[in-house]
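Make the full structure from the sequences, and use the hints.
One line per chain: the protein sequences are A and B, in this order.
Whatever position you read off the first sequence (first residue = 1), add 6 for my numbering.
Whatever position you read off the second sequence (first residue = 1), add 46 for my numbering.
No lab work stands behind these hints, which were simulated from the structure alone.
A few of these clues could be false.
Said to hold, decoys possible - Stretches of chain A that chain B covers, calculated by requiring three or more beta carbons in the stretch to come under 8 Å of a beta carbon on chain B: (1) 213-222; (2) 249-260; (3) 316-327.
The beta carbon of each residue, even a glycine, is placed where N, CA and C say it ideally should be.
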Amino acid sequence: MTALLQLHDLTAGYPVPAGLLSRDRLVPVVHDVSFTLEAGRTLGIVGESGCGKSTLGRAILQLIPTISGKVLWQGQDLAELAPEALRRRRSEFQIIFQDALAALDPRMTIGRIVGQPLATFEPHLSRADRHDRAVEALRQVGLSADFAARYPHEMSGGQAQRVGLARAIIGRPKLIVCDEPVSALDVSIQAQVVNLLMDLQEELGLALIFISHNLSVVRHISHEVMVMCLGRIVEHGPRDDFYAGPLHPYSRALMDAVPEPDPRRERGRIGLSLPGELPSSLDPLPGCVFASRCPQVEARCRADRPDLRDITPTRRAACHFVEPLR
Amino acid sequence: MTDSLLSVRDLSVTFRLPEGEVTAVDRLGFDVAPGEVLGIVGESGSGKSQILFSLMGLLAPNGRASGQALFAGQDLLAMTDTELDRVRGVSMAMIFQDPMTSLNPYKRVGDQLAEGLVVHKGLSWRAARAEAVRMLDRVRIPDAASRARRYPHEFSGGMRQRVMIAMALLVNPRLLLADEPTTALDVTIQSQIIDILAELARDMGTSIVFVTHDLGVVARLCDRVIVLYGGRIMEEAPADILFNAPRHPYAKGLLDTTPRIAAPLTRRLDIIPGTPRSGGAMLPGCPFAPRCASRIAACEAVQPPLIGIGPAHRTACHLIGEAP
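Right, here's the structure in full:
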């Protein structure tokens, strides 16, 4: 069977103006990303600011240019689709954002906002049908029918995120890329939205790509976890294995830094922070992306970039010190 | 408490808005001992930041604070701006979530730090600059002497927050007010900043009031915690007690709803229904009542008083009786 989504050595980035007479140059931000995502599964992508996790989400959805490599959607190379065909295909893969309110047109009612994608995906629908579908989508995200007549400014942060989600599911997608969807929400609202995403996944058989800097939230929602650092995957594997014992020193550093609501555990960790900051992703060094901060660093880490290797049949890591199990 | 560095009583903060007066903080009282790190936890609209702004005399023009806030015996709320200036930036300092809003983009970082010493302590520029470099080094900015000659935009977010902390510490304050200083930072950088603040409290005896929405950060840094909701204290306790045996339904709910990295996974996260209170008039009863699963009729009618239920442990809930 063909996988829902497959990435083959995807390198993607942003165009920067190169001057008046020359073409814009594409600057890569994510490098050589490969993975497979099956239907109904959640891939959590974690990393610090500038690691390329949001860029990767946009590259998968063809919102930014691919530089090399392939994005296969149910076996179909998305780059080969004509713009119009890609536009219709978009009903199958959607995105929600951190700032949900900013993604809602302030002059449109919630009902129109949620129903709008159907104008592209199912143009034959009547206005009344479209409205009914919008109300149905709102109901699926836990908002009553009367929300359809309201405006974005009347929404709280959690409600705005639900509206974004209603708009994402109205075209009956198979995948939703969730780009930090709960990061701006209060913790009591964050839990409501995470639960809603998990319920919708079960109900609709959705696959999710859940991009977040919050390792605790990712643990809760994901089946598998991928860690990115300076535009590259450094580790990828099943959730439980990953949290029980991360392989890459960067994954370990990230996990150790997360403060847990448990004073006894936390007090012992004061003064143990990993020093330093990640270098800029704009002038990449030749070696391992984590070499400048890694407590285990050796000369070869600065010289040769470690490949992302299969460590077990289900786990991958990019570190010279993590040897494949035989 | 007689040995408090800061003693707040009946603190209310109100804002005049076109739709009427809104109460952000409602008759709050708490103490901070010398060298103590007090955490104030709350969601948006809880009033947590307004407490700090009112103490620093930094409320928005339509805001008004009433009550009493004795800092080393003097009432901060009764001071004129000139009197307050002798306290602010001398024995009391504040750091913010976004350091860039407090740094002048046109001035070298070292000079911005030195300025305070020249103005407040009468040092020469040469001595003040040397002191600034020493302090940048203390907050572990690598290569401090050359970094002091750079401009704020040349610093990363974590480095800017260190600069803010250095600036606050230069005058060796007795009290540091911290408003979500690590919220915008990556987790490994947040960890470094917490280390610096913890060291400060331990080695220099600086008291810290740390306002945040992040229970994990509180667990790492704070000795004592106040849980705030709708401008009122729901529960106040030493950190170990609050995290291991919370009593108030909101404090419990907040802890249960927080996803953890090292605890057994549940199928779904526990939730607190509804949304945090935002603006509007004060309710006659408990501000958390509309979202509380254990509420009884009295909760919506009568405000529960904050009562002692154990050593240094107070809570405001009709369902919890006073300690005998």
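Handout entry: Hint check against the structure, violated hint numbers in rising order
Key = 3
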